[in-house]
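For this one, chain A is given, so just place chains B, C and D on it according to the hints.
Spelled out from the first residue to the last, the chains are:
4 protein chains.
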Amino acid sequence: MNQTQIFKQIASFWNNDMPFNQLLGLQIKHFDTLQSEVRFLWQDKLIGNPIQKILHGGVTASVLDLAGGVVAAANIIDQLDDLSPENIQYNLRKLSTIDLRTDFLRPGKGQEFIATARIIRSGSKVAVARMELHNEQNDHIAFGTGTYMVG
Amino acid sequence: MNQTQIFKQIASFWNNDMPFNQLLGLQIKHFDTLQSEVRFLWQDKLIGNPIQKILHGGVTASVLDLAGGVVAAANIIDQLDDLSPENIQYNLRKLSTIDLRTDFLRPGKGQEFIATARIIRSGSKVAVARMELHNEQNDHIAFGTGTYMVG
Amino acid sequence: MNQTQIFKQIASFWNNDMPFNQLLGLQIKHFDTLQSEVRFLWQDKLIGNPIQKILHGGVTASVLDLAGGVVAAANIIDQLDDLSPENIQYNLRKLSTIDLRTDFLRPGKGQEFIATARIIRSGSKVAVARMELHNEQNDHIAFGTGTYMVG
Amino acid sequence: MNQTQIFKQIASFWNNDMPFNQLLGLQIKHFDTLQSEVRFLWQDKLIGNPIQKILHGGVTASVLDLAGGVVAAANIIDQLDDLSPENIQYNLRKLSTIDLRTDFLRPGKGQEFIATARIIRSGSKVAVARMELHNEQNDHIAFGTGTYMVG
Numbered sequence: 001m002n003q004t005q006i007f008k009q010i011a012s013f014w015n016n017d018m019p020f021n022q023l024l025g026l027q028i029k030h031f032d033t034l035q036s037e038v039r040f041l042w043q044d045k046l047i048g049n050p051i052q053k054i055l056h057g058g059v060t061a062s063v064l065d066l067a068g069g070v071v072a073a074a075n076i077i078d079q080l081d082d083l084s085p086e087n088i089q090y091n092l093r094k095l096s097t098i099d100l101r102t103d104f105l106r107p108g109k110g111q112e113f114i115a116t117a118r119i120i121r122s123g124s125k126v127a128v129a130r131m132e133l134h135n136e137q138n139d140h141i142a143f144g145t146g147t148y149m150v151g
Numbered sequence: 001m002n003q004t005q006i007f008k009q010i011a012s013f014w015n016n017d018m019p020f021n022q023l024l025g026l027q028i029k030h031f032d033t034l035q036s037e038v039r040f041l042w043q044d045k046l047i048g049n050p051i052q053k054i055l056h057g058g059v060t061a062s063v064l065d066l067a068g069g070v071v072a073a074a075n076i077i078d079q080l081d082d083l084s085p086e087n088i089q090y091n092l093r094k095l096s097t098i099d100l101r102t103d104f105l106r107p108g109k110g111q112e113f114i115a116t117a118r119i120i121r122s123g124s125k126v127a128v129a130r131m132e133l134h135n136e137q138n139d140h141i142a143f144g145t146g147t148y149m150v151g
Numbered sequence: 001m002n003q004t005q006i007f008k009q010i011a012s013f014w015n016n017d018m019p020f021n022q023l024l025g026l027q028i029k030h031f032d033t034l035q036s037e038v039r040f041l042w043q044d045k046l047i048g049n050p051i052q053k054i055l056h057g058g059v060t061a062s063v064l065d066l067a068g069g070v071v072a073a074a075n076i077i078d079q080l081d082d083l084s085p086e087n088i089q090y091n092l093r094k095l096s097t098i099d100l101r102t103d104f105l106r107p108g109k110g111q112e113f114i115a116t117a118r119i120i121r122s123g124s125k126v127a128v129a130r131m132e133l134h135n136e137q138n139d140h141i142a143f144g145t146g147t148y149m150v151g
Numbered sequence: 001m002n003q004t005q006i007f008k009q010i011a012s013f014w015n016n017d018m019p020f021n022q023l024l025g026l027q028i029k030h031f032d033t034l035q036s037e038v039r040f041l042w043q044d045k046l047i048g049n050p051i052q053k054i055l056h057g058g059v060t061a062s063v064l065d066l067a068g069g070v071v072a073a074a075n076i077i078d079q080l081d082d083l084s085p086e087n088i089q090y091n092l093r094k095l096s097t098i099d100l101r102t103d104f105l106r107p108g109k110g111q112e113f114i115a116t117a118r119i120i121r122s123g124s125k126v127a128v129a130r131m132e133l134h135n136e137q138n139d140h141i142a143f144g145t146g147t148y149m150v151g
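Chains as they are written, first to last, in this note's numbering: chain A, 1 to 151; chain B, 1 to 151; chain C, 1 to 151; chain D, 1 to 151.
Any given hint could be a false lead.
Note that the list lumps identical chains together, so a pair holds whenever it fits in one copy or between two copies.
Derived lysine to any residue pairs resembling SDA-like cross-links, with alpha carbons at most 20 Å apart [unchecked claim]:
hint : residue 1 : residue 2
1    : Lys45     : Asn15
2    : Lys8      : Ile119
3    : Lys29     : Ala11
4    : Lys94     : Ser122
5    : Lys125    : Leu92
6    : Lys45     : Asn135
7    : Lys45     : Gly110
8    : Lys94     : Leu34
9    : Lys8      : Leu80
10   : Lys125    : Gly151
11   : Lys94     : Lys109
12   : Lys8      : Arg118
13   : Lys125    : Leu95
14   : Lys109    : Pro19
15   : Lys125    : Met149
16   : Lys45     : Asp32
17   : Lys45     : Gln22
18   : Lys29     : Met149
19   : Lys94     : Lys125
20   : Lys125    : Asn91
21   : Lys8      : Lys125
22   : Lys53     : Ser12
Because the hints were derived from the structure by calculation, they are not lab data.
The shape of chain A in the complex, shown without the other chains (with noise of 0.2 Å):
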């Protein structure tokens, strides 16, 4: 396999056997060792505010840290040599989230949502990623910064 199938294969993965990616429903899209998307659709149980009807923060800070984190398992991927699953698996074993900040722009409305992550620090152990939320009408309703241990 390429690098380009074992990243569908990783997306697949995580998008059908992560419990909690999957009550929430998100979905990786794409994602490479310098970008990602990930969506998911509006659901009533994803509300954070009854009164509002907004995403619970929670709900936003988790597909951040789903966005980010599949870039940083690329950038894991991409310094190995030997591709077999049993090495991979093993390296993957390293990825963990540091540290996550996310805020908050707007109220999380919209029947659609468009977490996108990029890369802007890329190391042999930490690699940190800046992500975005947007609703499908092209609102901006959040922010984030999350650090990745990668070695």
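Same frame as chain A, now just chains B, C and D:
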């Protein structure tokens, strides 16, 4: 109703009528103008890493945001002269998270998780709280800082 | 005076009468309600690491805070009807940094440094800006997010 | 030299040969693998707001970064078997701030300022510290969280 009764009523409302809190099983145990405690039990649907069986980072961010948010809510109410339900509800609409930093210190493993918040800045417009997440064995899993709009 | 003239006067005041900005040699080149640019030259006294000869992290935080702060100031002024010096000065007293996150991406090396800010949330009470620091060779040295009180 | 003597020597070097620390008058009073204390006196050149005569936010960020950084340095040294000056210097080169969040809680007024740091995550690659700034009257001026590369 006095302030303590009002706080209890709000905790009950947020525990029972806030869809995302219920989805995650978050239970506000106590809050006032200075501090709060929110608890939840391990559930497999909260897993963010199927291999290592640890909490999704978004679950951690969600509970820290809630723990800080209720302390911010208490500070809104503490500034009111008129404690009628209408006035409380009107003023609680001002509450929103401006930004949230989450530091992931240890893997999110455990049977029960306890989030605590403590106010560190209390103003008429903005409140800042710092939060901690521990498991039932008192392992320090995460640390957070939240800035909230309160006026 | 119109808004552009007022912004120039404020830049001049902050460049020439703000002791710490002068100590570091920070020069606001331009700012409006959407963005800003602040520059400074390398000086040995700004060294934070005598072996590697790189900027102290506090220098980076200082210039990012200033770059975001002037955009926040512009947003305060933009909300005023009365543009008399007294009213401007009175309202600028409300300006303060609530919190600032700085991400250090690359070593702070260079001859000249350029900080830019862009507003990402503009409200009557709170403004949020994101900032970048580059050197004269366009190396991306740091990234930042600042939350400011504006009302 | 034992560890305590090494820490004293590093404090002396950073106090006396780090240009930006000297410019601001930052004095490391004590540090070990768990905590640190850094002090500095008010000086007019540290003013960030000439009307209100308060510390520039960058001064606050600088001293918090230093307070956390020395605790991170202690954690680097604590992992070493070979405590020769060459090996210590070689390993301290790995020290860098990854990110720093500063929460400005009260105006930076006072005659003397005391920054303290406490480690909250200690690992072979990344350390996290949280910091506080008080003045001589024990007013809590700022709070911070810093993530450091240590390996």
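Out of the numbered hints, which ones does the structure contradict?
16, 18, 21
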